[in-house]
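Q: Protein chains in written order, with my numbering: chain A, 43 to 192; chain B, 43 to 192; chain C, 43 to 192; chain D, 43 to 192.
Any given hint could turn out to be false.
The list treats identical chains as one, so a pair stands whether inside a single copy or across any two.
Said to hold, decoys possible - With a cut-off of at most 27 Å between alpha-carbon atoms, the simulated DSS-like pairs for lysine-lysine come out as follows: (1) LYS157 with LYS183; (2) LYS157 with LYS47; (3) LYS183 with LYS47.
Quick caveat, the hints were computed from the structure, so don't treat them as lab data. Given the structure is predicted, the values throughout are model-derived calculations rather than measurements.
So the chains spell out like this:
Number of protein chains: 4
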Amino acid sequence: MAEPKLEVLNPSFIEHLEGYTSQSGIDGYLGVRVVEFTAGRLVAEFEVVDDHVTFIGNMHGGCLAALCDHCLGVVLYPVMPPGSWAATTEFKVNYLRPVSGGACRATAEIVSMTKRSAVVTVRVENDDRLVAVAQGTCTVKLAEERTDTG
Amino acid sequence: MAEPKLEVLNPSFIEHLEGYTSQSGIDGYLGVRVVEFTAGRLVAEFEVVDDHVTFIGNMHGGCLAALCDHCLGVVLYPVMPPGSWAATTEFKVNYLRPVSGGACRATAEIVSMTKRSAVVTVRVENDDRLVAVAQGTCTVKLAEERTDTG
Amino acid sequence: MAEPKLEVLNPSFIEHLEGYTSQSGIDGYLGVRVVEFTAGRLVAEFEVVDDHVTFIGNMHGGCLAALCDHCLGVVLYPVMPPGSWAATTEFKVNYLRPVSGGACRATAEIVSMTKRSAVVTVRVENDDRLVAVAQGTCTVKLAEERTDTG
Amino acid sequence: MAEPKLEVLNPSFIEHLEGYTSQSGIDGYLGVRVVEFTAGRLVAEFEVVDDHVTFIGNMHGGCLAALCDHCLGVVLYPVMPPGSWAATTEFKVNYLRPVSGGACRATAEIVSMTKRSAVVTVRVENDDRLVAVAQGTCTVKLAEERTDTG
Chain A
43 MAEPKLEVLN
53 PSFIEHLEGY
63 TSQSGIDGYL
73 GVRVVEFTAG
83 RLVAEFEVVD
93 DHVTFIGNMH
103 GGCLAALCDH
113 CLGVVLYPVM
123 PPGSWAATTE
133 FKVNYLRPVS
143 GGACRATAEI
153 VSMTKRSAVV
163 TVRVENDDRL
173 VAVAQGTCTV
183 KLAEERTDTG
Chain B
43 MAEPKLEVLN
53 PSFIEHLEGY
63 TSQSGIDGYL
73 GVRVVEFTAG
83 RLVAEFEVVD
93 DHVTFIGNMH
103 GGCLAALCDH
113 CLGVVLYPVM
123 PPGSWAATTE
133 FKVNYLRPVS
143 GGACRATAEI
153 VSMTKRSAVV
163 TVRVENDDRL
173 VAVAQGTCTV
183 KLAEERTDTG
Chain C
43 MAEPKLEVLN
53 PSFIEHLEGY
63 TSQSGIDGYL
73 GVRVVEFTAG
83 RLVAEFEVVD
93 DHVTFIGNMH
103 GGCLAALCDH
113 CLGVVLYPVM
123 PPGSWAATTE
133 FKVNYLRPVS
143 GGACRATAEI
153 VSMTKRSAVV
163 TVRVENDDRL
173 VAVAQGTCTV
183 KLAEERTDTG
Chain D
43 MAEPKLEVLN
53 PSFIEHLEGY
63 TSQSGIDGYL
73 GVRVVEFTAG
83 RLVAEFEVVD
93 DHVTFIGNMH
103 GGCLAALCDH
113 CLGVVLYPVM
123 PPGSWAATTE
133 FKVNYLRPVS
143 GGACRATAEI
153 VSMTKRSAVV
163 TVRVENDDRL
173 VAVAQGTCTV
183 KLAEERTDTG
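Work the whole structure out from these sequences, hints included.
A: Rendered as structure tokens:
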């Protein structure tokens with residue numbers, strides 16, 4: 043199936059993030075680490091820790107929702123000109139199986155991209171089982187459109 | 043528009059949660075506090091703190107996604123028999139405006155409920171502006187169906 | 043909850059559509075009739091006929107999906123300048139109950155609107171029972187942005 | 043990525059549908075034809091005709107929504123015991139590009155399946171361009187659970 047032809051416009055973003063584990067924000071709460079990063083594709087994961095698990099014994103679904111939202115936006119940065127922004131404007135997630143431990147690894151792929159927006163799909167695996175699928179839209183804001191920069 | 047007739051089957055759940063602020067889990071990371079709780083309707087909120095805000099200056103969308111996911115499940119507990127479980131199986135969220143501070147207040151309402159599942163809508167306000175709408179499905183697991191209890 | 047302040051910019055669109063039953067297109071296949079039309083709110087319905095019902099005895103879900111998609115776009119026309127276009131770019135629907143006859147009445151409401159896009163929610167009733175809820179995004183194309191006009 | 047292991051339980055369904063073009067229902071309105079059918083995967087398409095196109099010159103999005111909804115359910119029949127039912131309970135679709143002619147070909151794949159439900163993803167191509175992605179849930183009703191059979 044034809045995929046969009048994407049080019050890395052911001053290679054330093056990849057250099058800085060590959061192998062990096064978030065230290066702050068909701069991605070820092072989860073402990074998201076970037077595993078692989080290429081044009082239009084991001085693999086990122088976090089280890090399930092006790093605080094992610096609810097009294098039922100399964101991980102809180104919100105952890106996967108936040109992971110998907112995070113990857114939906116981050117996957118765009120390498121293919122946007124430096125100084126641009128991306129923000130998720132909507133997404134949908136289906137949880138397929140409960141998660142109780144191990145690592146949750148998301149693979150995000152850009153399936154369509156214009157100057158102003160992109161559609162991204164995400165698949166999350168937990169120890170080789172598919173546990174969630176998501177798809178959503180990100181809005182792209184190019185550096186030259188930002189009126190708030192000095 | 044006709045709403046489902048729902049009855050409180052687990053009043054102690056409401057008593058324990060009303061006014062309570064989550065101390066652990068992703069809801070604890072956010073600092074979610076239950077404001078109002080009735081049959082089929084939950085109002086819960088959190089204060090936006092620095093750690094929720096990304097380098098762009100806006101709150102990470104994952105915080106709203108996690109809030110919506112959390113409320114989707116919690117709103118069901120009072121109307122299920124004690125010992126039952128609810129878990130979000132899918133949801134979709136649209137972010138309407140960026141959030142940079144103040145409180146995010148979610149109102150979750152059950153729009154349909156059977157023995158096994160419920161559909162819930164959520165609206166999130168930030169200082170009286172609507173900032174997100176969500177809808178999704180929760181799976182209900184009644185206490186008597188749980189085979190793992192001793 | 044604060045709703046967007048919307049103004050009718052294209053009153054003749056309302057005049058032409060109120061009471062009108064679609065004669066062609068997928069909305070014509072369904073037989074969609076516009077019942078009420080105000081700034082930011084559209085009520086439209088169709089009668090379930092034999093061809094809408096599958097071999098299971100229930101209406102094909104695609105009929106409700108098409109109705110929601112249709113209303114998501116049409117609700118925008120009165121509040122856009124004449125000559126503008128609106129097209130659904132994404133939506134999500136939850137079917138709440140099976141439908142086997144009677145009328146399906148959708149109420150679409152704009153919950154957020156900018157120059158370029160709007161988020162709309164839809165509720166569908168079948169003989170006073172809520173049978174579907176949807177939410178989605180429409181892209182707005184203003185007349186002056188259209189480069190294909192002569 | 044690990045996919046569910048699915049087995050054909052109803053081979054005659056495949057035999058009857060492969061190559062078949064719907065003659066009635068909303069799928070008949072579209073003219074949906076089953077192109078390929080295997081365990082867990084369905085390819086189906088329709089030709090865009092004048093009645094599918096709106097006054098804007100693009101196909102009505104509802105046609106793609108109805109196609110996705112249709113494929114979401116139909117893909118399940120071969121892997122359910124004969125006499126079972128499947129019905130879409132929720133789905134989400136992103137439209138990626140406008141369609142004005144040619145054929146719309148959907149590829150539906152089951153990504154997760156239990157006794158009672160399945161999650162399915164759909165990709166729609168129009169002349170080798172990806173024009174829509176969808177994902178949703180179907181409820182499965184096994185023959186032995188149906189209480190309405192004589």
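Q: If a hint holds in the structure, say so; if it does not, say that too.
A: Status of each hint after checking the structure:
Taking the shortest alpha-carbon separations for LYS157 and LYS183, both the intra-copy value of 8 Å and the inter-copy value of 15 Å come in at or below 27 Å. Proximity of LYS157 to LYS47 under the C-alpha cut-off of 27 Å is restricted to the intra-copy arrangement: shortest distance 13 Å within a copy versus 29 Å between copies. Proximity of LYS183 to LYS47 under the C-alpha cut-off of 27 Å is found in both arrangements, the shortest distances being 20 Å within a copy and 26 Å between copies.
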